[in-house]
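Undergrad: Using the sequences and the hints given, assemble the complete structure.
So the protein lines, in turn, are chains A and B. Okay, so the first sequence: first residue is 1 according to my numbering, each after it adds one. Okay, so the second sequence: first residue is 1 according to my numbering, each after it adds one.
Treat the hints as calculated values from the structure; they're not laboratory data. Note that this is a predicted model, so its numbers are computed, not measured. For each residue, glycine too, the CB sits at the ideal point set by N, CA and C. Among the clues, some could well be false.
Cross-link-like lysine-lysine pairs, in silico, DSSO-like; alpha carbons within 27 angstroms at most [claimed, not checked]:
hint	chain 1	residue 1	chain 2	residue 2
1	B	Lys41	B	Lys66
2	B	Lys41	A	Lys34
3	B	Lys98	B	Lys87
4	B	Lys87	A	Lys34
5	B	Lys41	B	Lys87
Facing chain A, from chain B, some residues (calculated, C-beta under 10 angstroms) [unchecked claim]:
hint	residue
6	Leu69
7	Phe76
8	Ala79
9	Ser80
10	Ala81
11	His83
12	Leu84
Each chain is listed here by its residues.
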Amino acid sequence: MEVITWLEWAFDAVLSVGLLWLAWRALASPDLFKAIVLFVSFGLLMALAWVRLDAPDIALAEAAIGAGLTGALLLAALARLRAIAFKDTSVPPPQFSKPQFLHWLLIFFLLWLGAGLGYAIWVLPPYSTGLSVAVAAHLDASGVSNPVTAVLLNFRAYDTMLEMIVLLMALLGIWSLGGFPPHTDMPTGSVLDTFSRLLVPVFILVAAYLLWIGADAPGGAFQAGSVLGAAGVLLLLSGWRPRVSLTQWPLKLALAAGSSAFVIMGLLTILYEGQLLAYPAAQAGMLILFLESLATISIGATLAALFLGRSSDHEENQ
Amino acid sequence: MIPSDYVAVVLLILGGIFFFSGTVGLLRFPDVYTRLHALTKADNVGLGLIVLGLVVQAESWFVVGKLLLIWLLVLFAGASASHLIAKRALHRGIRMWK
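TA: Written as C-alpha cells, this is what we have:
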C-alpha cells in the first residue's frame, strides 16, 4: 500500500498549504466580500483537515458553524455596512488610522504567542494517549457510547454550560444595540420561496437526527443547533419574519432554555449528587438527551437571532 | 477486488473527470453565466457518479438511502443557488458573453 501512503501525504500537504494560503489571502484581501468568500473556503478546508485527523465531530461543527453560519453573519454585516455607506453620505466612512507602535506591539504579541505555541508543541511527547484511556474506562457510566458526547455533556459538561452562556451573552450584546431591524417587504422570487418551504422541514428532521445520533456517533447539540440556525437564516433570507407576539416571551424562552436547563441541572446535581453536573449513572443517558434537546433549540434560535441582528439608531432614523 | 469494486472505481473516476472539467470551466469560461453552467454540471453529474460509486460499495440500504439523499439535497441546493446567482447578475446588468 505504498502508493496509498504517498497519496495521503500528498493530499495532506496540499491541504496544509491551501489552508495557510487561504488564511493569508483572507486577511490580506482589501475587498471585504472576497475576504469573506476566502474565509468560508478556509472553513471548508479546515473541516476536511479535521476529517483527516479522525475528528468528524469537530469537522461537522466547523463546516456548519465556522464556515456556514459565520460566513452568513459576516455577509449580513457587510450588507449592512454597505447600506449605511450608500444611504448616508454625511457620515464619513470609518477611518482606521492605527498608530505605528500598535503595529509593532501586535507583531511582538503574535511572535510571542507563536513562539509559545511552537514551544508547547515541541515539548509534547510524540506519542501520547492523553485522556482517551480514562474516557474509555468510564464510558459505560456516561449514559452515551460516543466518547465526544460523553466528554462534552457528562465529564466536562460545565464547559458546554459555559459555552451556552457565552452564546447567550453574545446575543444580549447585540440586542443592547437597538430594536428589531425595520422589515421591508421585498419580493424574493418564487424559487427561493419554494426552496425554503421544501427545505425547512428537512432541516428540522436532520437536526433531530443529528441530536439523536450524537449519543453513539458524531453529532450532537451544537451540530443539530447549527442546522436549525441555518433553517432560520434561510427563512429570514426568503423574507419571513416572526410575528411580533412570537418575538416576546416565546422567543426569549427558546433562547434561554438551554442555559437555564444547564444551570438548573447543575444546582440539582450539586444538591443530590454533591457535584456540579455529575448525573446518577442510571439516568445519565436520559438527562443528557434532555439537556441536549433544549440546548439544540437555544443554539438554533440564538444563531438565527444573531443573523437577524438589531438595528442601530442610525438605521432607524433613515 | 470483487466485481463491484471495479464498477465503483470506474464510476468514481468518471465523477472525478466531471469535477475536473467543471473546475477548468469555472476558471476558464468568460462570464458568470457560462461559469455557473460548468459548475452545476460538476455538482450534479460529478457528485451523482461519485455517490453511485459509493452506493455500489455501501454496506447497508440505510447508507444507500443517506447517500442518495445527500445527492438529492445538493441537486436541489445547487439548482436553486445558481438560479439566484444568475438572476442577481441579470438584475445588476451583467451582460452575457457572446
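Undergrad: Next step is simple, just say for each hint if it's right about the structure.
TA: Verification of the hints:
Note on lysine 41 of chain B and lysine 66 of chain B: the hinted pairing holds, with a Cα-Cα distance of about 22 angstroms set against a maximum of 27 angstroms. Distance restraint check for lysine 41 of chain B and lysine 34 of chain A: the Cα-Cα separation of roughly 24 angstroms lies within the 27 angstroms cut-off, and the hinted pair is therefore satisfied. A hinted pair counts as satisfied when its Cα atoms are at most 27 angstroms apart, and lysine 98 of chain B with lysine 87 of chain B qualifies at roughly 18 angstroms. The suggested pairing of lysine 87 of chain B with lysine 34 of chain A holds, with an alpha-carbon distance near 20 angstroms, which does not exceed 27 angstroms.
Using a Cα cut-off of 27 angstroms, the hinted pair lysine 41 of chain B and lysine 87 of chain B holds, with the two alpha carbons roughly 18 angstroms apart. Residue-level restraint check for leucine 69 of chain B holds (minimum Cβ-Cβ distance to chain A is 9 angstroms; threshold 10 angstroms). Taken as an interface hint, phenylalanine 76 of chain B checks out: its beta carbon lies about 7 angstroms from the nearest beta carbon of chain A, inside 10 angstroms. At about 9 angstroms, the closest approach between the beta carbon of alanine 79 of chain B and any beta carbon in chain A falls short of 10 angstroms, and the interface hint on this residue holds.
Here the hint on serine 80 of chain B is kept, as its CB sits about 4 angstroms from the closest CB of chain A, short of 10 angstroms. The restraint placing alanine 81 of chain B at the interface with chain A holds, with a minimum CB-CB distance near 9 angstroms, inside the 10 angstroms limit. For histidine 83 of chain B, the shortest C-beta to C-beta distance to chain A is roughly 5 angstroms, which falls under 10 angstroms, so the interface hint holds. At a threshold of 10 angstroms, the smallest CB-CB gap from leucine 84 of chain B to chain A is about 6 angstroms, leaving the interface hint in force.
In this structure, none of the earlier numbered hints is contradicted; all agree with it.
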